[in-house]
Structure formats: C-alpha cells, structure tokens
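Q: Each chain, written out:
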Amino acid sequence: MEPVPPGVVRAIGGRFVDWLPALAVFALGLALWQGLTTAFNVQTFLLPKPTDIATAFWNDRGTLWDYGLYTLKEAAGGFAMGCSAGILVALLLARFRGLGLALLPFAIAANAIPIIAFAPITNNWFGLLNPVSKMVIAAVLCFFPTMINTLRGLTSVHPSSIELMRSYGGGELAVFRRVRIPNALPFMFTGLKVSAVLSMIGAIVGEYFGGPTNALGVSILNDSQLFDFPRAWAGIMLASAFGIAFYAAVSVAERLTTSWHPSARTFRSE
Amino acid sequence: MSVPGRVVSISGLTKSFKTGVTALQEIDLDIRPGEFVSLIGPSGCGKSTLLRIVGDLVQPTSGTVLVNGKTAHRARLDHDYGIVFQDSVLYDWRTVSRNVSLPLEMLGWSRARRKERVREMLELVELTGFESNRPWQLSGGMQQRVSIARALSFDPALLLMDEPFGALDEMTRERLNMELLRIWEKAASTIVFVTHSIPEAVFLSTRVVVMSARPGRIADVVAVDLPQPRGAETREQPRFFELVTAVREALAAGGRGQPAPTLPAGTEERY
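Protein chains in written order, with the working numbering: chain A, 1 to 270; chain B, 1 to 271.
Next comes chain B alone, as it looks inside the complex (with noise of 0.2 Å):
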C-alpha cells in the first residue's frame, strides 16, 4: 500500500456533493516529505474540499488518499495532522499558552513537557512574552502565528493550511510569508497550502498545483525553482515574475471553455 517517499498519495479522487456538483473530479496528486505544496485556483475549485479530503474532515465520493501510507482516517486518528484555518478558531477561555498546548493536552504529555513545548513554540512564532494574554487581546497576525504554533506544537507529519493568511492586510501577509518560510525550513515540515494569491504560492512553494473550477481538476503543476532560503530579495528576482506569470497563464487556461455555470457564492466552497 504504502508509497515510499510519499506524504499525501491521493489517487483518482472525485467529489461528488448531494446538490449534484461534482467539486473535485480524478485529482491525482503526489506530495514528497518536505515539499511546500500550494493549492490555488478559482472560488469554487473545490481546493479547501481537496484540504479537508487530505485531513479527513470531508469524505471523498471515490479515489483514494494515503497519509504516510495510511488511510486519512487512521492518519488523523494517529495526531498527523496540524490545520490552520483562515478564522485563527483560538478558545477565549484558554490564554495564549493554553491554545498552543491544547493538541498535547489530547496527546497526553505531562505538564512539564507541555510547558516546555509552549515555550519553545510561542518563541518560534515570536510571541514570547504574551503567554497570558487571552486571544482576543491579540491582533488578527499575532493570533494567526498563535494559531500556527498550536498546529506544529505536536510535530504533525503534515501541516494542512486553508488560506491562513487570506482574512490579513497585505503587510501582515508579506510579513507572515517570511516568518512561515522559516518556520517551515526549522520544523522541516511538510505543508499543504490553499491560496488565492498567485505571488504568494509562488513564493511560498516548492510546486504550485493550479485548479480549474467546475469541476476542479488539476490544470497544470508549477515547480518551483527558487533559491532557498527566499526572502525579500527573492520577490524581486526577474525569476519570480516569470513563475507568477507561469502560474497566471496556467489559471487563465484552466478557467478556458468551461464558463461557470452561476451558483450561490462560497457554498460549494466548503462544503
């Protein structure tokens, strides 16, 4: 069963809602340990069904999906998975360090290890000093890295992102870029990312996955060859034009001969 060298093997995967609307139709897709892989496509591609399909939040109509060589549901049932959603879903009645250690609290690490762990996350994020505050007191970047730190607290073999950074102004998301970049090549994780920003996938990624709509289908898969580790500079690389035009063009032909046919906005979309 198990793939080598595979995080997500998805195979043939289709999803079929009940209204009809056929969301994700033959995806295959192959994700390597460490690779940084972006889903980004049209409203409506059915790219966060595609994310929620990989951590077993939505089950697939047919096709299948291997998680380190297991099912998504044994992969989940075994603390795989680290999600961060675009709302930062923080608890009010739990402090900063309390969300973070809420994953180990399930997993049953004692109180020091837990401790520990909280310090070292809430230092990655660099929030170091707002360990008591309540999530409320933060603002939406700094509770979405608090976010972020609760999702690898646990080292999961997978991070699954939907739009983390979607619901943030433009400078907290540059900003956030860089700090996930590091994040990322420090935790030496793996990370599914849906987008809507072509500069930020690019950016983001070792492979761009584009998606066409109705039914979402994968049009065409970017690598990218950046240098690492990225930064500022890399923005400005007459490369990185290239590869958002590269992801541009493939999105403009995978929206071609097939017009949308009109449906409620956002409903399709998650579930």
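Same shape as in the complex, but just chain A (with noise of 0.2 Å):
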C-alpha cells in the first residue's frame, strides 16, 4: 500500500511553523506602513494609509471582486495558451535536435523584445474589449520560461538512464514516456510558476491600454486618474493576491505531481 504522498500534505496544511516567520515580517510591514504615514502625515496620493486601502476595498468588495476574477480568466486563458505551447515546443526541440539548433537562438532572440509593448497591437488586432487581446499578451510572456525550463528538464538526462532503456530495447517514444518526461516535471513546474506570476501582470498590462470596464487593470487606471487612490491601491493588492494565489495553486499541483522529487523529502528517511 501507498503511504498518502508527503506532497499531499506539504501542498494543502503545510506546516504552520513554516509561515510564521513570513507572517511576522506582513504585519510588521503594516504596522509600519500604517504608523508612519499617521506619523509624517503622507498625502493620500503618495501613499494611503494602509487602513484607508482596507476602507476602499472593503466598501467595492464585490465589484473589485469580479474585476479581478475577470482579469484573472484572461490571466489563466492566456497561461492555458502559452503554457501549452511552451510544453508543446520544448517537446519538439528535445526530440529533434537539428531544429532546437534552428530556432532556438530566435526564441531567446524574441524573448528580449518588450512584449509589453505589443499590447496596443493586440488590441489592435482582437479588439479592445475582446478577453482574446489580453490573453496572447499573457500567453506570450509566459511561452518562454515554460519551454526553456521544459526543454531543460527534458534535455538534462543522466546517460546511462537512456542506455538502461535502450538495454531493454526500447526506442526514443520509451525513452521520452519513461525517462525524460517524468525527469522534466520538476523543472517544468518552475517555468509554470514563473509563468502564473507573470500571466497576471500581463492581462493587467494589456489592460492598461484600453478594456471593459470591468476589468481590475481597467479599473486602477481609472481610479488613479480619478485620485482615487485608496481604491487604486485596493486593486493593486487584489491584483497581487489573485497572482500569488495563481501561483500557490500552480505550487500544489507541484506537490501533487511531484511528491517524488527529493526536495519534497519529509517521512520514513533513515
């Protein structure tokens, strides 16, 4: 019989202990944030007082609520996109060695251009109010972390792991299942993080240049120009907090996936 994965444990409780130092240091930061803007008496457009972004966001809870879950679908459908064919991509590369010479030196090329600054364009091209235009921003900042951390993972396998599967005849379809797939998830899972961080702060960007009204990055634009500024800050947070919350979710199916890994090492070690 299986033991429950210590991954399944790790990703859902998570030890309490680990968090606390963490915690401390938040609302430390709060403490201090709040104390000393009370302190030197900071404008509200410089920077609110901690308390007053709570106000602001308390009283719009439920439409700052939805503006985020409508910028985080356009953040996950263009995770979906560019994830997908980063995997997609690296798996191509990994098997044909000729072509990852071909193009990979593009792909690094490409990812030096300021993909932000496409976003006018895909607006452009899918139309300001179309979720599509706010996706492909996201989905091409998240293309280049997953395949090269994939391709990584796929390429960086042990010699003798291919030497044992070819001494039991198997071809390179066996070796792919069973050797440099499983040995990719780890390194895989890294570029996916990066990517659920990195999938919000693109459909916010994109929104920035022009969006429903409904959306988060829409909606701080809006409240900024306004002086709003307590409810900007509110959505900033709420911004960062369906990122982390993207990220963390990212991290348990890590967990779960990957309970072999040995950073995952917790139980019955000798």
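I should point out that these hints are in silico values taken from the structure, not numbers from a laboratory. Keep in mind that this is a model prediction, so the values were computed, not measured. Don't take each hint at face value.
Stretch-level coverage of chain A by chain B, calculated; a stretch enters the list once three of its residues show a Cβ under 8 Å from a Cβ in chain B [what the hints assert, rightly or not]: (1) 147 to 161; (2) 164 to 171; (3) 174 to 188; (4) 249 to 262.
The beta carbon of each residue, even a glycine, is placed where N, CA and C say it ideally should be.
Using the hints, build the complex out of the two chains.
A: What follows is the structure in structure tokens.
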C-alpha cells in the first residue's frame, strides 16, 4: 500500500510554523506603513494608509472582486495558451535536436523583445473589449519561461538512464515517456510558477492600454486618474493577491505531481 | 552461425574511436552458460567499452559479437540483457517496487504477474518492506541491490555489470559480493562483470579475463578453481591468495612493454 504522498500534506496543510516568520514580517511591514504615514502625515495621493486601502476595498468589495475574477480569467486563459505552446515546443525541440539548433537562437532573441509594448497592437488585432487580446499578451509572456525550463528538464538526463532504456530494447518513444518527461516535470513546474505570476501581470498591462470597465487593470487606471488612490491601491493589492493565489495553485499541483522529488523529502528518512 | 554452448561469442573484435585511439584490439572471448566472467584491467583498457559492445550500446569497428547465437542488436531487442551500472540509475519518480517492475512493464507483463515477480525479486535482494520507498531514501548499497533486482527481474540470458560496487565502501562491497554469488547460484544466470578490484574478481568469478591497456587486449585468462559455494572463508584460503597473485602478475605483465601515452583521464573509458 502506498502511504499518503508527503506532497499532499505539504501542499494543502503545510506547516503553520513554517509560515510564522513571513507572517510576522508582513504584520510588521503593515504596522510600519500605517505608523509612518500617520506620523509624517503623508498625503493620500503619495501613499494611502493601509487602513484607508482596506476601507476602500471593503466598501467596494463585490465589484472589485468581480473585476479581479475577470482579469484572472484572462490571465488563466493566457497561461493555458502560452504554457501549452511552451511545453509542446520544448518536446519538439528535445526530440529533433536539429530543429532546436535552428530555432532556439530566435526564441531567445524573441524573448528580449519588450512584449508588453505589443499590448496596443494585440488590442488592435483582437479588439479592445475581447479578452483574447489580453490573453495573447499573457500567453507570450508565459511561453518562454515554460519552454526553456521544460526543454532543460527534457535534455538534462543522465546518459546511463538512456542506456538502461536502450538495454531493454526501448526506442525514442520509451525514452521520452519513461525518462525524459518524468525527469522534466520539476523543471516544467519552475517555468509554470514563473508563468503564473507573469500571466497576471500580462493581463493587467494589457488592460492598461484599454479594455472593458469591469477589468481590474482598467479600474486601477481609472481610479488613479480620478485621484481615488485608496481604491487604486486596493485594486493593486487584489491583483497581487490573485497573482499569489495563482502561483499557490500551481505549487499545489506541483506538490501533487512531483511528490517523488527529493525536495519533498519529509518522511521515513533513515 | 550459432556456437553451441556459448552465451557470448566474440571474435576478432576491434574498436577504434574517431580520435584515433584504439580502445580494443582483436578480442576473442567465449562465455559459456552459467559462467561468471570478470573483466579486469587498468583504467582505459576498454573493459567498459567491451561490456557495452556486448550489450549493443556501443558499436564495434570490426569483428563479431554473438549472444545466444544472435547478433548483439537482436539480443538487445529480445531483452536478453540485464544491466547494472556503477551508478544505480534508479528513477526518483518511481518507488522501489516500480523501479524493479520497469523492464516488466516494457515487456508487457500483466499487473498481477509484475507484482508477484517484484515481490520475489525484493525478497531475493533482501529489501522486502521497502517497496514504497523512494530510491533516494535508501543507502548506496540498498540502491545497488534494487538495481540488481531490476536487472534480474525478467530472467535475462546475460547479466552485464559495469563496476556495480565501485562506488561503495569496502564493507558494503564485500557483503554485496556474497549476496551476488548467492543470487547468481539461485538465478543460474551468466554474468559478465567489470571491476578494478583484483580480490573482488577472484572471489566472484569462474574466470578472470585480464586486459592490458592501449590498445585494449586480452593479456591472460585466469581460471578460478575455488570451490563453490564460496563464503567468507574463501578469502582466507591459500588458493585464493595464489589466484590473486596470478591475476596481479598477469596485470603487471600486460602493462609492461607498452608505456601508456598520456590521455585525459577517463575520456576513452566509456565512449
């Protein structure tokens, strides 16, 4: 009988004690922020007090939450598109080395292009109010980190692992299925975690160049233009909270699928 | 084609690398069923390369290798080889029992049959109770035992072992030597075993093939007539020391007269 994989416990419960230092820093930071803005009477348009931001959020929680979900959907759509393309291309490049030699330099060069500058263009291509225009920005941001990490995982395989598969008469397909792909999973998840955060950023930035009024990025932009800075800050906070939640969700998936990884070593160590 | 009574039949085998280094020259060697043959020699004598050529993982430049009367390539596709490397090559994403059942999955065995065989094999290498552990939770010696269980799980005609205990400490090594002999007797398999250690080669083998370096050649073949089954007391018999001396002298004689040119260490050994 298999014991409960340690990843499940770690992923869902975690150890509360592990989070204590981070929580303490968070609380201290908030207290300092509140204390200093009050003590030095910092103007709201420069930096609102945390309590003002919290109040702004609370007063408008339903609306902001819906805006956030809308933007999260754009981010998730872009994430799905960009990451699946990244994984697919990584598989192709790992299988056909010649193709990799021909294409990889371009992929790296393309990564240097400030993708965000394309936001107005994708808005133009797909329509300002069409969520696809934001998804494409998010997808382009997600593609490269996922592709390059997955490719690394697929190719950094010990030669004797491959000799072993060959000694059993296994061909290229068996090597991929039983060695390269499982070996690539932890690397792929590194890329996916980076992408989860990037996708939220991509969606928000896309919305800055125009989008429906029920999108979080548009809302933040409007609020700051109307000098409603506490509400703008509340939007920013919510956007990062959604980004963190997305990252956490990918981490849970990682823990569940790669509980075998030595980094999950928690139980029955001798 | 087939040579009756031969598991391995090597004739006129030569391997040169593109760098111009001749790793193996004119190797002739026959191995009978049930033999335990050790290949011993200085670093760079091509013993690992020879093992890989027998296993169809490296192609010879000329000469033939027949395994059970078939080409090495055919034998590989027919699952005639169980291989154990110096590094245990266990997959972290598989539990101990699923590592052992890997070749069985590739052979298309049913789940029930796999389960039964894995149980037997883990019993054989005395790892019952570690089925659901991950490889990295085991000691080096235990990992190597899993690797041996995996190599034997599908009853291959030939077990190829490339310095399987080279990375282990002396005590673990001696214990695993005993265990390997027990497994060899029980499984009635044929083993080709690459090693650096003279006592290990003598203790385990029915024949020790002594190789010389650059080019790699068979310098001598020492038949080991120590009685079976062997145990701790075998290492204390006068005959054991005579044979160790014989192998040592054969190694020294093989090394003489051919001063080794300086080559980057280890580069020619494997590929």
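Q: Now, for every hint given, state plainly whether the structure supports it.
A: A quick look at each hint next to the structure:
{"no.": "1", "hint": "147 to 161", "in the structure": "holds (count 3)"}
{"no.": "2", "hint": "164 to 171", "in the structure": "holds (count 6)"}
{"no.": "3", "hint": "174 to 188", "in the structure": "holds (count 6)"}
{"no.": "4", "hint": "249 to 262", "in the structure": "holds (count 4)"}
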